[in-house]
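Protein chains in written order, with the working numbering: chain A, 1 to 169; chain B, 1001 to 1330; chain C, 2001 to 2426.
Please note that a few of the clues may not be correct.
Unchecked claim - Partner residues aside, some chain A positions facing chain C, computed with beta carbon under 7 Å:
1) I14
2) M70
3) V72
4) L109
5) C140
6) Y159
As the list claims (entries may be wrong) - Below, a list of computed lysine-lysine pairs in the BS3-like style, where the Cα atoms sit at most 27 Å apart:
7) C:K2261 to A:K4
8) A:K11 to C:K2268
9) A:K3 to C:K2261
10) C:K2261 to A:K145
11) C:K2268 to A:K3
12) C:K2077 to A:K68
13) A:K4 to C:K2268
14) A:K68 to C:K2130
15) C:K2268 to A:K68
16) B:K1133 to A:K117
Please keep in mind that the hints were generated in silico from the structure rather than gathered at the bench.
Please read all numbers here as calculations on a predicted model, not as lab measurements.
Heads up, the beta-carbon is just placed ideally off N, CA and C, and yes, glycines get one too.
Below, each chain spelled out in residue letters.
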Amino acid sequence: MVKKFEELLSKIEISIVCLGLGLLIITVFAAAILRFFGIDMSISTDLAQLTFAWVSFIGADLAMRQNKHMGVDMLVNRFPVKLRNAIFLFNSLLMLAFLLFAVYYGVNLCIINAARKYNTLYISYSFATASCPVGCALMCLTVVKNIVTYVKNFVKNDYSSIEKGEIIA
Amino acid sequence: AGKGSSSEVESNSNETTKTDSKAEVAATQGKYTLKIGTALSENDPLYQALENVFEKNVEEQTNGEVQVEIYSSSQLGSDEDVLEQALVGAGVGIITDPGRLSNYVYDFGVLQAPYIADSYEEVLKLFATDVYKDLCSQIEQQGFNILSFNYYQGERELFTKKPIVEPSDLKGQRIRSSGSQVVTATLEAMGANTTVLAWSEAYQALQQQVIEGVEVHLSAAVGSSMQEVTKYLSFTGHQQLLTALVISDAWMKSLPEEYQTILIDQSYKAGTAASEAVLAKNEEYLRTLKEGGIEVIECNKEAFKEACNIAYETLGYTQIKAKLDAELGR
Amino acid sequence: MIWLGLTFIILLAIGMPIALTVGISALVFFVIENVPVQIVVQKMVSSTQSFSLLAVPFFVLAGNLMNETGITSRLIKFATLVTGHMRGGLAQVSVVLSCLMGGISGSATADAAMESRILGPDMEKRGYSKGFTAAILAMGGLITSTIPPSLGLILYGVTGEVSIGRLFMGGIIPGFLMTVALMFAVAKISKKRSYVKEHEHFPTIKEVLKGLLDNIWALIFPVILIVGIRFGVFTPSEAGAFAVVYAIFVGVFVYKELTFKVMVECLKQTAVDLAVIMFIIICSNAFGYAIVTGRLPQTLANLIIQTSNNKYIVLTIIMIFVFIVGMFMEATANVLLLTPIFLPIITQYGIDPVHFGVMYMILITMGGMTPPIGVTMYTTCSILECPVEKYTKESIPFVGAIVVLLVILAVFPQLVLFLPNLIYGA
Ligand code: NA
Ligand code: NA
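Okay, chain A solo, but in the shape it has when bound:
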C-alpha cells in the first residue's frame, strides 16, 4: 500500500517537473523568437518564473527521495554505526521541523498576501508562493519515511541499511 502510493507520487512528481522543464523551454524560446519578429509575448517572463518555482520545489523532493542533496559526511562516516544512526535520526527530525515550519508559514503567507499580483499574468503571486509549502510537504513525507527507517534500525538493532549507504538523508 505505502509502497504503491510512493511510486505513484514519485511518478506524478517526475511528470510535473519534466513537463515544467518543457514548458520553460517553450515559453522562453518562443518569446525570444517572437520578439525577433517584433511580437511581444509579455507574459512569458512571469509564466516562466511561476513554472520555475514549481519545478524547483517539486524537484527538491525528487532529489531528496534519491538522496541527492549533498552534505558533508566526512566526519560522521568515521563514527560507529549506532551513533551514526542517531545523528541521522536527529538530522531528519530537525529537517522535519524546518519543513513543517515552511509548510505552515508558506500557507499563511499565501493567504495573507493573496492581493499581491504577478505583473503581467493578472493572477495572485500566491500561486508561486504555494510551490514552497507544497514542495516542503512532499519532502516531509520523504523525511518521515527516513525517520521510520532509523527508528526501526534502533528497535531491531540492525544497521545494515545505513552501512550500505542506502539512506544518507
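Given chain A's structure and the hints, the job is docking chains B and C with the ligands onto it.
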C-alpha cells in the same frame, strides 16, 4: 538575489551594490529598528535625504530608541517583497510608488495615471485631497502605513533610439514597461508596444536592441547611463513620479505615540529635502545627458495628452479621476 | 549573527545536507532576531523568481543532451586526431575535449562525469595511474566551466548584478589559457612517467580540416551563442533555451541519434541535477537576507579595509579565503553567500567586477575539485573507484598550474577584459 519583479523606483543598477563605508557596525542598541529599503543607489539624492534627514533626526529625537537602517539597491528584496515583509509585521519600510500600492487598493494607481498632474506643485495638491485621504485609510486597513507621500523623483520622459515627436512615431516601437498596469496602459495609449523588463536589465536590453526605448525620469536615466544606449529624449512628461515611504502598520502601532509622530514628521521633512534636491539637480542631469550625446526632441505634448485619455477607460479610473477633478475644481 | 554561524557550522559538521544547513541556520537567525518568519518562505520563493537564473536549467539540460545527441562522441574523435600524437595522448585528449565541450556545456561536474565514464576506462588500460586519471578528468571540468556558457558565471552575474554577457566574453581567453596550462602540466608528467601516445603521426592539415567539418555543428554553437547575445537576438537565459533547442535539432535531424525515449531520460536526469542546485539556491536566499540585515558585509569590509590599502594584498587575502572555504563548502552555496560580501569590497578598490568575477569563479569552481570535500572530485573518484588520497596527491600539479594562471590573470587584467571591452565597449 530575487530581483525578478521590476522596480518602478529605478536605481542606478549598472553600479554594483556599494558598501556603506561609514556604516556604523550593526548599531542596534535601540529598542526598535526600522529597516528601509529602496531600489535606488546610495548616490541618489533621495537615499541621501533618507540618511541625512530621516535617519539622523529620528535617532536623535528618540534618543536612539528607534534605530533606522537604510538599504540601497533592493538589498531587502524587490518592492513587492518588502511590502510583503511589512504586511507580516516586520519592522521594514520601502520607498515605492502608487502603481505598486494599487495591488492592495486598486484606485491608488490613479495617482500615477498619465497627465493626472503637470508639475511637482500640482501633484502635491493631489495628496491634499479627500480622495487621497480616503485611499490612505483603505491602505491602512490592509496593514500598511504611509509615513509620507512626498518623495518626488521627477517627471517621466521618453528615451528612444528613434526621434519621437507624435504618438504615431511610437507605432511598433518596443518600449520597456515595469509591468505595472498603469505604466503598460499609459505606454499603449501613447501608441507604443511594451516589453516588460526589470529596470536593471534595461541598459543591456537597449544595447542589444531587445527594446527600442524606455520611459523614465532624469535622475534614473543618468544613474543608468541612458545616454550611452539611446539617442533621443522627448519631454512627454506623462507622469509625475511621486513616491511614498510605506511601512508596516502593525510595527508602527507598536511604537509609543510620540515616536509615531516623530517618524511621520521626519519622513515629511526628508521627502521635502529629497524633492528639492531632485528639482535642483534636474538641470545638471539634463546637461550630463546632452553631453553624453542625447538630442532633445520638441515633441507634441498635447497630442500625447489627448492620446492618453483612453488609458483612464482601460484602467477603469474615469470615475475616480472625475472625483479628483471636482475636488480640485478643474 | 553568532547563532547563525554556530548553527551553520554544527549542522554542516554532522552531515546535514548543505541546503538544509543553510535554511535551518537562517531560520534560527530569524527567530532569535524576532524577524517575522514568513520572510524565510518569501525569500525561498523569490529566489526562483529571477529571469536570469532560468539559464541554469537550460544549460544543465543542454549539457546532458550533448552526450545523447552524438555531439560528444564526434568531439572525442576530433580531440584524439589533434592531440593523440603527444605523450600522454589520451590525457591530452581529455583536456582538449573539456575545452571543446566548454562551448556548449556550462557545468564542470557534468563534464568531469561524462569524461570519467567515456575516457576513464581507456586511460587506465593505457597504464595511467588511477589518481592521475581521476585528477586530470576532474580538473579538466574547470575549463568547461570557464569557457562560456558557464553556470558559475551566471550565478555570479545574478548575485552581483554584473553583466552576464561581459562575464561570458571574459571567460574565453582564461579558458584557453587554462587549456594550455593543463596540457603543459600533463606533458611534463607524461614525459617523466613515459605515458603512451595514442598514435605516432602528426595530424595533417587535410585531416584537421575534415575533422573540423565533421564537428562543425558543435564548434559553431559557441559562436552563435555569443553573436546572438551580443546582437540582442536573445538574453543569456534565452540563449540557454536556444542551446537546448539547438542540441535537440542537431540530435534529431543532423546526427539522427536522439530518440524521444532518450530525450525523456535526459529530462529526468536534468530534473534531479537541477533540483540539487536549486534547493541550495533557494535556502541560500533566506540565509542571504540574514547576512544583509545583520550587516555582515559592512562589518567584514571595514575589517578588510583596515588591513590594507593595497588592492593586490586585499585581492590575495580574499582569494586565499575563497580557496580555503572552497575546500570545504559546495560551490553554488559559496557563490551565493560570498559574492554579496566580497564584490562591494573589490569594487571599492577599483577592481573590475568582470575581472574579479572570472578569477573568483575559477577558484570557487576549483573548490569542487579540491579535497576534502568537492562534488566534482567525488563524482570522478566514485566513477573511477579511486581513493581520495591518491586523487589528492596527483591533483597537486594541476591545482598548482591553475594557481599560477590565476596570478597571471590578476597581474594582467587585460587577459580577461580585452574581449568584453572589444565587444561591448570599455
Ligand atoms: Na562552458
Ligand atoms: Na573542495
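Hints and how they fare:
This hint holds: A:I14 has a C-beta 6 Å from the nearest C-beta of chain C, less than the 7 Å allowed. Hint status for A:M70 relative to chain C: holds, with the closest Cβ pair at about 6 Å, below 7 Å. A distance limit of 7 Å between C-beta atoms decides the matter here; for A:V72 the minimum to chain C is near 5 Å, and the interface restraint holds. For A:L109, the interface hint holds, the least distance from its beta-carbon to any beta-carbon of chain C being 5 Å, beneath 7 Å.
At about 12 Å, the closest approach between the beta carbon of A:C140 and any beta carbon in chain C exceeds 7 Å, and the interface hint on this residue is violated. Among the interface hints, the one on A:Y159 is violated; its C-beta lies about 15 Å from the nearest C-beta in chain C, farther than the 7 Å criterion. Simply put, C:K2261 and A:K4 have alpha-carbon atoms about 24 Å apart, close enough for the 27 Å limit, and the pair holds. Annotation: proposed proximity of A:K11 to C:K2268 holds, straight-line Cα distance about 11 Å (limit 27 Å).
In summary, the hint linking A:K3 to C:K2261 is supported, as the alpha carbons are separated by about 26 Å, within the 27 Å threshold. Distance check on the hinted pair: C:K2261 and A:K145 sit about 31 Å apart at the alpha-carbon level, beyond 27 Å; violated. This hinted pair checks out: C:K2268 and A:K3 have alpha carbons roughly 21 Å apart, not beyond 27 Å. Note on C:K2077 and A:K68: the hinted pairing is violated, with a Cα-Cα distance of about 33 Å set against a maximum of 27 Å.
Restraint check: the Cα-Cα separation between A:K4 and C:K2268 comes to about 20 Å, which is no more than 27 Å; the hinted pair holds. Restraint check: the Cα-Cα separation between A:K68 and C:K2130 comes to about 26 Å, which is no more than 27 Å; the hinted pair holds. A hinted pair counts as satisfied when its Cα atoms are at most 27 Å apart, and C:K2268 with A:K68 qualifies at roughly 14 Å. Annotation: proposed proximity of B:K1133 to A:K117 holds, straight-line Cα distance about 24 Å (limit 27 Å).
Figure legend: structure checked against the earlier numbered hints; hints not met, in rising order: 5, 6, 10 and 12.
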